[in-house]
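Residue numbers (the UniProt record's numbering), protein chains in the order written: chain A, 1 to 364; chain B, 1 to 285; chain C, 1 to 299.
Don't take every hint at face value.
Said to hold, decoys possible - Simulated pairs of lysine to aspartate or glutamate, DMTMM-like, Cα-Cα distance not exceeding 20 Å:
{"hint": "1", "chain 1": "A", "residue 1": "Lys208", "chain 2": "A", "residue 2": "Glu159"}
{"hint": "2", "chain 1": "A", "residue 1": "Lys178", "chain 2": "A", "residue 2": "Asp209"}
{"hint": "3", "chain 1": "C", "residue 1": "Lys7", "chain 2": "A", "residue 2": "Asp115"}
{"hint": "4", "chain 1": "C", "residue 1": "Lys7", "chain 2": "A", "residue 2": "Glu53"}
{"hint": "5", "chain 1": "B", "residue 1": "Lys175", "chain 2": "A", "residue 2": "Asp54"}
{"hint": "6", "chain 1": "A", "residue 1": "Lys178", "chain 2": "A", "residue 2": "Asp54"}
{"hint": "7", "chain 1": "C", "residue 1": "Lys7", "chain 2": "A", "residue 2": "Asp54"}
{"hint": "8", "chain 1": "A", "residue 1": "Lys104", "chain 2": "A", "residue 2": "Asp115"}
{"hint": "9", "chain 1": "A", "residue 1": "Lys74", "chain 2": "B", "residue 2": "Glu176"}
{"hint": "10", "chain 1": "B", "residue 1": "Lys175", "chain 2": "A", "residue 2": "Asp115"}
{"hint": "11", "chain 1": "A", "residue 1": "Lys349", "chain 2": "A", "residue 2": "Glu339"}
{"hint": "12", "chain 1": "B", "residue 1": "Lys175", "chain 2": "A", "residue 2": "Glu53"}
{"hint": "13", "chain 1": "A", "residue 1": "Lys101", "chain 2": "A", "residue 2": "Glu116"}
{"hint": "14", "chain 1": "A", "residue 1": "Lys178", "chain 2": "A", "residue 2": "Glu159"}
{"hint": "15", "chain 1": "B", "residue 1": "Lys140", "chain 2": "C", "residue 2": "Asp46"}
{"hint": "16", "chain 1": "C", "residue 1": "Lys7", "chain 2": "A", "residue 2": "Asp69"}
{"hint": "17", "chain 1": "B", "residue 1": "Lys147", "chain 2": "B", "residue 2": "Asp230"}
{"hint": "18", "chain 1": "A", "residue 1": "Lys182", "chain 2": "A", "residue 2": "Glu116"}
{"hint": "19", "chain 1": "A", "residue 1": "Lys184", "chain 2": "A", "residue 2": "Asp255"}
For the record, the hints were derived by calculation from the structure and aren't laboratory data.
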Amino acid sequence: MASINLNTVVKRYGKTEVVHGINLDIAHNEFVVLVGPSGCGKSTTLRMIAGLEDISGGEIRIGDVLVNDLPPRKRNISMVFQNYALYPHMSVRENLGFGLKIAKRPPDEIVRRVDEAADILGLTELMERTPAELSGGQRQRVAMGRAIVRQPGAFLFDEPLSNLDAKLRVQMRTEIKKLHQKVKTTVVYVTHDQVEAMTLADRIVVMKDGHIEQVGTPMEVFNHPVNTFVASFIGSPPMNLVPARIAGGEVVLADDTRLPVPGRLAGRVTDGQEVILGIRPDDMTPVGHGIHDSGEGAMLSLPVELAELLGTETLIYTRLAGQEAQGKMFDPRDVEPGEVLEFRVALDKVHLFDAGTGRSVRLD
Amino acid sequence: MSGALKKRLSKIATWIATFLLMIVMGVPGLWVVLSAFRPNREIMAKPAIWIPENPTFSNFAAIFGFGDAQVAIPVLSYFTNSMIIASTSTVIALMIGMSGGYAFARFRFRFKNSLFLGLMLSRAVPGIALSLPVFMIWSKLGLIDAKLGMIIVYVALNVPFTIWLIDGFFRQIPKEMNEAAQVDGCTRWQAFWRIEFPLARSGIAAAGVFAFLTSWNEYALASQLTRSTDSKTLPVGLMDFTAQFTIDWAGMCAMAVIIIVPALILTFLVQKHLIAGLTFGGVKG
Amino acid sequence: MRWRAEKHTPFLLLSPAILTILFVVAIPLAFSLYTSMTPYKLTKPDTINTFVGLRNYVRLFSDDKFWWAFGRTILFLAVALNLEFILGLGIALLINRITWGQRTLRTMMMFPMMFSPILVGFQFKYIFNDNIGILNNALQALGITDGSIAWLVDKPLGMISIITAEVWMSTSVFAILLLAGLFAMPRDPLEAAKVDGCNPWQVFRHITLPFLMPFAFIAMTIRSLDVARAYDIVDVMTGGGPAGRTEVLWTLIARVGYDNSKMGEANAMAYVSTLLSVAFTYYFFTKLVAARRYMGGAE
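Pulled out of the complex, with its shape left as it was, chain A reads as follows:
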């Protein structure tokens, strides 16, 4: 039961600084996901919270206790590692009970709590096996069981699903979500997979190069990315980003294609400003095949380069002002390469970023 507060936390290895003064407040029982490309400092941040890396500067508090100089065992946290880190010389039961045994809990309490955790995770049948005799998904479950048995103030997950195959990953994702609903605790979860972040998080923290780019609910981060990095990182397929210039109340692309400046952003841009136009593929749909057909719109005639049928929708690869761009066709029909389609752009969903800073013009 704990909130976690990071106050200008810095990590340095020798002279290289890899985390540059991060501020983050995680509420009690909140599920926060740190997401970003590899090398963005998300794992280092998590390991500093765990106490596995020392903190070069700033403060970390867990449940209002300053933990900078506390060893991991005194931080009231538990952690699920990328490779699970199950103890190979112990049975599942011993793995689950190890933390309690170290804490010198009475044996009957250990048995009770281990059985409880095993029950929650469906491990009851596997208790006497060793980690080598378990499948990937089962190992994952034991690792989570080991974390919940101790009933810590916070769970830390370090890319726990990255070693599983695609199908199992989706399944375990759901299990983690359910687990959090059952065992209400603060969770800090690190992943590079934005889908995992979107599906699991109460709040997402997008990181890049040791900085936090944006903190927000999945909805906020998806619908209102603060800059081009977040816009391109969150969402699949990624947002189309096309350089443009504002002229006469219009967004003018390199090939002189013109779109009106969306009404809600009209006061945010000035004539002559260099911008980047951001359109999610979902918001660029052939006429009659969209999901946002009402509201403000604009039309673009674009040639199909390639069409990928995904089932209920078709992903259309095209070219917008010389840039590769993707649109989506819902309720698809057959499309031939070379065919010119009339795309409707949902202007009320379109983003504009300042070309110099990359920041959303909405914010200035």
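Knowing the structure of chain A, use the given hints to seat chains B and C on it.
Only chains B and C this time, still in chain A's reference frame:
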């Protein structure tokens, strides 16, 4: 030549080569062992007697002082000395090696590579070259012809290689194990003893056997630093049989068997881990 | 207090090792260096206080006996190590091919490695004995020779006999490590090379051998740590004789130092042999480190 025939021939060639290899490897040792169980006159016979005619234990009895031995050689004291010196130095070298190997496997620190290299190079000093100054210093310290003197030397002899092996074994254990244990409530010390040590145990045992046999087999230093039954080890004792012009072959063979047997048993027990330790520690820096 | 004094922990853990080496190896070597610059004789203890600078070294370098022993040592090592590598590679490839009894053979290979060098020496002294040795007996029984061949006395034969013993003892080091390398070898590059049209020799030359090199370097490094154990073999087999025909640096050191009590001179020679061994180890250890990096190992 057809493919099938070619394949068969190459298979037969492989087997012949393997068979020859086994003979070359096995016969010298086997011959010594066989000779240990035959009387001296059978060994000296001309023309040679190939199959032992009168197997006997008398050679063993003789070197242990039973029966009518010509040369009474105190093999029992040598054996005891060897055991005490090799075991004690192994235990100490293992403790030092575990501590040092763990440092190399788990920590980053300044001069790490040069320190490792320095330790290895210290092992490269030839025993006979090292024996000269050690002989002079040990004489001053009264450690000549003393088990303690030998133990100290053998600890130093074994520390570098023990560190190399144990470093490799600890590296094989993911660092995450230690971290998981710490998060689970262990101190670093507890994490080591409860998780990392049990996982490296068989490797550490292999390193121990290697250290034991190095001490058990060592000759160059022991031959200069020991004098009497107080500290002489088996390899040095073996030379007792070489009198000026005659050699008691039967006695030497019997003593050789006594030196070989522990080496064979221990090697057999740990060979798998030893190979793993040598290659892992070596290849995956 | 910082709970993790990372900076000092490793040095604390290493201090027993460092102290031991300092006391038993480093300090004696320093003392040896000093002694090598005195005319110290065991029989005249006072001579240790006379400093003569490099005189022992100068005398050594103008002494034919020393150069013969030095040259013989280098030749011995060059021949023995090359033979061990080639034979070891052959044995490893052979054992890698057979499917049945592979483990048993590998275990058998360990034994010569674990034998006391003094025993190996004795064993071959026994085999090569001109009178009762199994080799001469066998040759005579097969009618190849009538007389006995003086394996350990004859000029080139003595050295060859010693090299045989050394090779018998140490080839396993190479065979075992190279075999471990072959076991660890990934199948994909081999198959890719075959598909690319390489013949078996080309596959071996361009794929297998480069992959095995780090393992060969480990073997070389391990061997380099104890090349001087050949002293035991020589000492028991011939004692450097007869008439200095098999004298190597190490037996010469023992003779000058202990038998003739000329410690100053012996220490000078010991220093030469130490530098030789250390240079040898250093060379292969750096090779090993470089190979590791090339293989993508850590650090």
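Comparing the hints with the structure gives:
At roughly 16 Å between alpha-carbon atoms, A/Lys208 and A/Glu159 fall within 20 Å of each other, so this suggested pair holds. At roughly 32 Å between alpha-carbon atoms, A/Lys178 and A/Asp209 are farther apart than 20 Å, so this suggested pair is violated. Proximity of C/Lys7 to A/Asp115 is assessed by CA-CA distance (about 42 Å); at most 20 Å being required, the pair is judged violated. At most 20 Å may separate the alpha-carbon atoms for a hinted pair to count; C/Lys7 and A/Glu53 meet this at roughly 14 Å.
Of the supplied pair hints, the one linking B/Lys175 and A/Asp54 holds, its CA atoms being roughly 16 Å apart against a limit of 20 Å. For the proposed pair A/Lys178 and A/Asp54, the alpha carbon gap of about 32 Å is over 20 Å, so the pair is violated. Distance restraint check for C/Lys7 and A/Asp54: the Cα-Cα separation of roughly 12 Å lies within the 20 Å cut-off, and the hinted pair is therefore satisfied. The suggested pairing of A/Lys104 with A/Asp115 holds, with an alpha-carbon distance near 17 Å, which does not exceed 20 Å.
Restraint check for A/Lys74 and B/Glu176: the C-alpha separation of about 18 Å stays at or below 20 Å, so the hint holds. Pair hint B/Lys175 plus A/Asp115 does not hold up; C-alpha atoms about 28 Å apart against a cutoff of 20 Å. For the proposed pair A/Lys349 and A/Glu339, the alpha carbon gap of about 26 Å is over 20 Å, so the pair is violated. Distance hint between B/Lys175 and A/Glu53 is fulfilled; the C-alpha atoms sit about 13 Å from each other, no more than 20 Å.
Proximity of A/Lys101 to A/Glu116 is assessed by CA-CA distance (about 16 Å); at most 20 Å being required, the pair is judged to hold. At roughly 18 Å between alpha-carbon atoms, A/Lys178 and A/Glu159 fall within 20 Å of each other, so this suggested pair holds. For the proposed pair B/Lys140 and C/Asp46, the alpha carbon gap of about 14 Å is at most 20 Å, so the pair holds. For a cut-off of 20 Å, the pair hint linking C/Lys7 to A/Asp69 stands: about 15 Å separates their Cα positions.
For the given pair, B/Lys147 sits about 7 Å from B/Asp230 by alpha-carbon distance, which is consistent with the 20 Å threshold. Distance hint between A/Lys182 and A/Glu116 is fulfilled; the C-alpha atoms sit about 12 Å from each other, no more than 20 Å. This hinted pair does not check out: A/Lys184 and A/Asp255 have alpha carbons roughly 54 Å apart, beyond 20 Å.
Hints 2, 3, 6, 10, 11 and 19 from the list above are not met by this structure, while the remaining hints are.
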